[in-house]
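Protein sequences appear in the order of chains L and S. Using this note's numbering, the letters of the first sequence map in sequence onto residues 25 to 455. Using this note's numbering, the letters of the second sequence map in sequence onto residues 4 to 392.
If a hint is listed, it holds; no wrong ones were tucked in.
Restricting the straight-line Cα-Cα distance to at most 20 Å, the calculated cross-link-like pairs of lysine to any residue (SDA-like) are:
(1) Lys204/L to Glu312/S
(2) Lys111/L to His360/S
(3) Lys130/L to Asp351/S
(4) Lys111/L to Gln166/L
(5) Lys111/L to Ala354/S
No lab work stands behind these hints: they were computed from the structure. No experiment lies behind these values; they were computed from the predicted model shown.
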Amino acid sequence: MSPETGAPPREIPKERSMLLQKEMIAGHYQDLASAPETGRKVVYTFVPGNLTELMRSFDVLPVLPEINALQSGMRKLSGDYISEAEKQGHSEDVCTYVKCDIGMLKQGNVGPTGQPLPEPDLLLLSYTGCFTFMKWFELLRQEYDCPVAMLHVPYQADGTIHDHHRAYVVEQLESEIIPKLEQVTGQQFDEDRLRAELELSAVAEDDLVWVLESAKNVPSPIDAYFGGVYYIGPMFTAFRGTQEGVDYYRTLRAEIEERLAAGRGPITPDGELEEERYRLVLEGPPNWTSFRDFWRMFSEEGAVVVASSYTKVGGLYDRGFRHDPSRPLETLADYCMGCYTNLGLPSRVDLIADYIREYRADGFMINSVKSCNSFSVGQLLMLRQLEERTGVPGGFIESDLVDPRYFSAANIKNRIESYLQMLEQKRGTAA
Amino acid sequence: MSTELAQLLERVRALFEDVDFTAVREWKAEGADRKAVGHMPIYVPRELIHASGMLPVGVLGGGDRLEIIRGDAYFQSYICHIPRSTIEMALTGRLDALDGMLFPSICDVIRNLSGMWRLLFPDRYVRYVDVPQNFSPDVGGAFWRQELEQLLDDFAGLSGRAADQEALRRSIAVYNENRREIGALYEARSHEPWVYPASELYLVVRAGNVLPPEEHTELVRSYRQLAAAEDRHEQDLSRVVVVGTFCEQPPLGLLLTLERAGCSIVDDDLLLGQRWLTDDVSEVGDPIEALATAYLECSCQTASVYQPEGRRGAWLVESVRRNQAEGVIFCAPSFCDPALLEQPMLVDALAAAGIPHTQFKYAENTGQFAAIREQAGTFSDSIRLWSDA
Numbered sequence: 025m026s027p028e029t030g031a032p033p034r035e036i037p038k039e040r041s042m043l044l045q046k047e048m049i050a051g052h053y054q055d056l057a058s059a060p061e062t063g064r065k066v067v068y069t070f071v072p073g074n075l076t077e078l079m080r081s082f083d084v085l086p087v088l089p090e091i092n093a094l095q096s097g098m099r100k101l102s103g104d105y106i107s108e109a110e111k112q113g114h115s116e117d118v119c120t121y122v123k124c125d126i127g128m129l130k131q132g133n134v135g136p137t138g139q140p141l142p143e144p145d146l147l148l149l150s151y152t153g154c155f156t157f158m159k160w161f162e163l164l165r166q167e168y169d170c171p172v173a174m175l176h177v178p179y180q181a182d183g184t185i186h187d188h189h190r191a192y193v194v195e196q197l198e199s200e201i202i203p204k205l206e207q208v209t210g211q212q213f214d215e216d217r218l219r220a221e222l223e224l225s226a227v228a229e230d231d232l233v234w235v236l237e238s239a240k241n242v243p244s245p246i247d248a249y250f251g252g253v254y255y256i257g258p259m260f261t262a263f264r265g266t267q268e269g270v271d272y273y274r275t276l277r278a279e280i281e282e283r284l285a286a287g288r289g290p291i292t293p294d295g296e297l298e299e300e301r302y303r304l305v306l307e308g309p310p311n312w313t314s315f316r317d318f319w320r321m322f323s324e325e326g327a328v329v330v331a332s333s334y335t336k337v338g339g340l341y342d343r344g345f346r347h348d349p350s351r352p353l354e355t356l357a358d359y360c361m362g363c364y365t366n367l368g369l370p371s372r373v374d375l376i377a378d379y380i381r382e383y384r385a386d387g388f389m390i391n392s393v394k395s396c397n398s399f400s401v402g403q404l405l406m407l408r409q410l411e412e413r414t415g416v417p418g419g420f421i422e423s424d425l426v427d428p429r430y431f432s433a434a435n436i437k438n439r440i441e442s443y444l445q446m447l448e449q450k451r452g453t454a455a
Numbered sequence: 004m005s006t007e008l009a010q011l012l013e014r015v016r017a018l019f020e021d022v023d024f025t026a027v028r029e030w031k032a033e034g035a036d037r038k039a040v041g042h043m044p045i046y047v048p049r050e051l052i053h054a055s056g057m058l059p060v061g062v063l064g065g066g067d068r069l070e071i072i073r074g075d076a077y078f079q080s081y082i083c084h085i086p087r088s089t090i091e092m093a094l095t096g097r098l099d100a101l102d103g104m105l106f107p108s109i110c111d112v113i114r115n116l117s118g119m120w121r122l123l124f125p126d127r128y129v130r131y132v133d134v135p136q137n138f139s140p141d142v143g144g145a146f147w148r149q150e151l152e153q154l155l156d157d158f159a160g161l162s163g164r165a166a167d168q169e170a171l172r173r174s175i176a177v178y179n180e181n182r183r184e185i186g187a188l189y190e191a192r193s194h195e196p197w198v199y200p201a202s203e204l205y206l207v208v209r210a211g212n213v214l215p216p217e218e219h220t221e222l223v224r225s226y227r228q229l230a231a232a233e234d235r236h237e238q239d240l241s242r243v244v245v246v247g248t249f250c251e252q253p254p255l256g257l258l259l260t261l262e263r264a265g266c267s268i269v270d271d272d273l274l275l276g277q278r279w280l281t282d283d284v285s286e287v288g289d290p291i292e293a294l295a296t297a298y299l300e301c302s303c304q305t306a307s308v309y310q311p312e313g314r315r316g317a318w319l320v321e322s323v324r325r326n327q328a329e330g331v332i333f334c335a336p337s338f339c340d341p342a343l344l345e346q347p348m349l350v351d352a353l354a355a356a357g358i359p360h361t362q363f364k365y366a367e368n369t370g371q372f373a374a375i376r377e378q379a380g381t382f383s384d385s386i387r388l389w390s391d392a
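Pulled out of the complex, with its shape left as it was, chain L reads as follows:
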């Protein structure tokens, strides 16, 4: 039985890229589980503004606590973890990713594959686009006896990367991050190796962008939100700068090219979508505790997300950014500063308005999550501004990242259905 709906499970054939990603992730967690034996060093860090290529150039293995938290959400473990953290004195008001992570730690720090995660040798605090990250690693610092390297990434309030902002980040990389990585690993920084990895990143980034932009086709061969979160997985986590990452995106692109040529729609939890009825742009992270149910609320109505902001939290590659091996530290700085949640609200509104036009969307929807003020504060104004600017109606729903108490399925489904009915009615009126 499906754990979410109670319906009998339906076998959905897995595509090559899905299997590949599964193998990659399993391999990564295996490497982590065996780190105490192999002696590989482990660095905990965050997705937005992650320095994967730099870490890889030191042979360290990254652990991303947000990914652990969302995996716990999908595996229905987050509720218990959050309760554990709240029992220990963490407020019910704050980010549930943090509480899920703390709760997981208190219950043995068992990762998504069922193997315990190794303790960090370094906490690499990339303070990019989210204030809570800072407090999160301050809390973890109390649990682990390891150094912390802090990278303060200036906020792009006016949507511009100023020279002194870039210089500030580069100087921190040179004076704080690289020395700490050298200290922890005992290895010297190897700029040539970093350049080689950045080159691989750019290759994979080209293919990721092609995949995301395939949604400009009508009908779209992909869902750029529910499917998109899988597509961004390797890019946003441990596989940027690796041949595995390049191979994954090459495979994924070939599959989507095939899908596009055949006029096939995106894969959904219930198989391939037969008819694209609504094209939507989505702002905000997904809910992870009821991810498939949430997805079905759209797919069952024929609603396809053609572009989303969440898939840009780990970089805005589709707006032209590529890791540039010719300026290795500067490109890392630009990458960190350009992540979606590090952009001021006007830039976010501009981006989504552009998506609505470029992807010929019928509407846009905001999933406002309680846990994430970085995303959520200002979304009600964004809704108004986007409607005014594009003439396209917006919908607004509320849930949470990994706290199952804040996913009210009936309410959310009702809102989505009403919103789509309104789009239908509007379409009828226009015709």
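Dock chain S against chain L, hints included.
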């Protein structure tokens, strides 16, 4: 109470209750070219605004003195209260006297509020003030110096008057004196809290958010002298430190409630922006360098700023010891990420030091204090009766 003290308190209370910023309007009316720049709580370099001939104005929300009619439509239910009342004040014209607005890096809410300001008021000067979280002079210091230079340029454009080095040094001296006077008041309160009740001291210090600093310094000095001359008797209250109040301010009723419940506040993190720097800024040499160095070396510790050495909570334990407090009250606004994420670390530090504490939350417009009074009263009784702290 002497007439002078009564009048002074009446004045600061009126300033506090006035959500139309009349004092700022009156100040501006005295000169055709006068301008004012608002800023949200916590640190902004007010010296730069002052040296540019403008009035720095602290915007601390509408408290319980403002009915929120439009502000709630901009924020989800799980977001703290200060942005609601601040937007409400702006949309209703109450902040029209401000020619610009600064949003320091307190948290994601205030950060995003800066973007909302840009969208809602595209013709007004808005700037997010990203204070460095790296404290190396060559790295965070260099970044901060450039941010300060940029701010100074912006202010020159806004005021039409570029501040020269001499003007900057004068403003640094003015604010040094202001902070020293506030520090002296806090010090006096710590020795004799019954002479300077928190509910009075708070209003006196807070008045500095809307008055020119020179006038405010005099006002703080007068209050300290007038209160000291009063025949106020020592009370048998518990000495407590209040933390969590650095951004959204508690309603005045809450401070009164704590006092009525038997707690003497001997230290707090209220109105932190006015007391951010813990030592004087150098009045000689390059003033931008002096301000940058002061930020790096003399910033107080608070949840919004990274602490490279760890030891979260050491400052709180130190404050308890220095002020001979018997306990700590965690008093944070609902949904305040910095305060609430910080709290478990501070609790651990207190527990390790054997310092009793209690905790509750508020919103700036909280109107019911019965539960808080009961809790604070019980806490006060318990530390007086049972604690050996």
